[in-house]
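Chains as they are written, first to last, in the numbering used here: chain A, 2 to 145; chain B, 2 to 145; chain C, 2 to 145; chain D, 2 to 145.
If chains are identical, the list can't say which one is meant, so a pair holds when it fits in one copy or spans any two.
Calculated cross-link-like contacts (lysine-lysine; reagent style BS3-like; alpha-carbon spacing at most 25 Å):
{"id": "1", "residue 1": "Lys111", "residue 2": "Lys68"}
{"id": "2", "residue 1": "Lys123", "residue 2": "Lys89"}
{"id": "3", "residue 1": "Lys87", "residue 2": "Lys142"}
{"id": "4", "residue 1": "Lys123", "residue 2": "Lys99"}
{"id": "5", "residue 1": "Lys99", "residue 2": "Lys142"}
{"id": "6", "residue 1": "Lys99", "residue 2": "Lys68"}
{"id": "7", "residue 1": "Lys111", "residue 2": "Lys7"}
{"id": "8", "residue 1": "Lys89", "residue 2": "Lys142"}
{"id": "9", "residue 1": "Lys87", "residue 2": "Lys68"}
Source of the hints: derived by calculation from the structure; they are not laboratory data.
Spelled out, the chains give:
Number of protein chains: 4
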Amino acid sequence: MPYEFKITRRVEFSETDMAGIVHYSNFFRYMEAAEHAFFRSLGFSVVTRQVDPPVGWPRVHASCDYKQPLRFEDEFEVHMLVVEKKSKSLSYEFRFRKVSAPDDEIARGKLTVVCVTHQHGKMSATTIPQPLADQIEVAPKTLP
Amino acid sequence: MPYEFKITRRVEFSETDMAGIVHYSNFFRYMEAAEHAFFRSLGFSVVTRQVDPPVGWPRVHASCDYKQPLRFEDEFEVHMLVVEKKSKSLSYEFRFRKVSAPDDEIARGKLTVVCVTHQHGKMSATTIPQPLADQIEVAPKTLP
Amino acid sequence: MPYEFKITRRVEFSETDMAGIVHYSNFFRYMEAAEHAFFRSLGFSVVTRQVDPPVGWPRVHASCDYKQPLRFEDEFEVHMLVVEKKSKSLSYEFRFRKVSAPDDEIARGKLTVVCVTHQHGKMSATTIPQPLADQIEVAPKTLP
Amino acid sequence: MPYEFKITRRVEFSETDMAGIVHYSNFFRYMEAAEHAFFRSLGFSVVTRQVDPPVGWPRVHASCDYKQPLRFEDEFEVHMLVVEKKSKSLSYEFRFRKVSAPDDEIARGKLTVVCVTHQHGKMSATTIPQPLADQIEVAPKTLP
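Pulled out of the complex, with its shape left as it was, chain A reads as follows (with noise of 0.2 Å):
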């Protein structure tokens, strides 16, 4: 079962700030990004319309260290390994180093999101659908 996945993008040119590197609100997007693509992987969609009731996955905490800058133009992997997995949450962490320098990491970011239901335009935390819960696992503790 997947507790793991992997993106590899390159830096824009809108990304960066004027400190010539990309700024650091754009770590969460590139978090996002890799989760969703977790979820499309296991055939799923983040705006999960293929459960009934359709569920959404608001974001509950979100943190970011940052070792070393990312610029336009380098090409980074975000690694992302699901850390906890309870009836209604998830949370991940995010592993970013740069495909030139695989051994540095450059940040480590960590998001928790909330399974929710809208019902009479009010939100509520609802169990993760069967389906998906069944396919998700948590990583092993002693992945490096």
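Knowing the structure of chain A, use the given hints to seat chains B, C and D on it.
Just chains B, C and D, lined up with the frame of chain A:
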């Protein structure tokens, strides 16, 4: 009747790029911010729920000519003018100036937006609601 | 001596996502906007050219806990507090509240920034310039 | 000699707005991404340090006509064509199509960029470096 509106804002760090200036795509966010403040000044929101059925305003044309750059912490004015008013669409012109040098135009933009309703998941152009249309006038052509 | 700062802003359309709420990454832009306004209130820019050599402030840690969503046109306050002051770094806490419901916290964030100089293309941590350090105090722990 | 380039990408969640579609300003980021990939395909970066003195490419004109919306997870193609080549500037046209419906144009954009050098803190237009200019051709007008 109003045909113009002005907002003043200050360039934020996250709006700059590695060239040290405001990324060109952000001028389109600035234009939209001026348009929405104009709507609010008339007692409406651009997410127009005050009329039945609610209407939206997708953009069908956007353009900008850039003359000088804007930099971090520059204070600038966006001067919006209504330049065309049809039964189902509006066109605006936007003039950007630094507060510290109001005689030099930084950029000039244009937006055309269409009034639409959503029915059965489909979007179709509709007449601008009367209470809003009654309040909007086209700016005189002689405006410098 | 100042240990806090507040800014008020209004959610812009371009800051929302298809879930109808402010995209979670934008809270980090809001935090930074508050930090930069705090610096300006002390007579400094975060692009600190008033000292020799000039210093910059890369982020080494960022986090946010989300409790309630912010929506288009919501007016909200970002209340920034200095929670740690070391010789070469500062940590801030940020409390988000809607102007219309000031008793409910929308989100709470944290940033740690390091003071750096650039020499020969390399970035290295440096002591916070005295004229700036002299003006910044740590907020009392008893603050509600 | 190359006069066109195509990239394919997928709409990300953070690129949508509360109307459930890609925010109109993001089409300008997509155009730029295609331009930069075109430069890379020629062995150059748009941050052109391979020539002496280095040159930059500020935008002087940008426009877009929007025909249909793009939604989350849509795969789309940006087809870039060089439509004008002057000694100091280039103009491109951009045609947006969904991969799933290649016969319908989603949007059509245009960019004009100027080749500049920076000297003593001032930016001035300069002739496009020969090694780059030699590789770029104007697309035939008969292209559908």
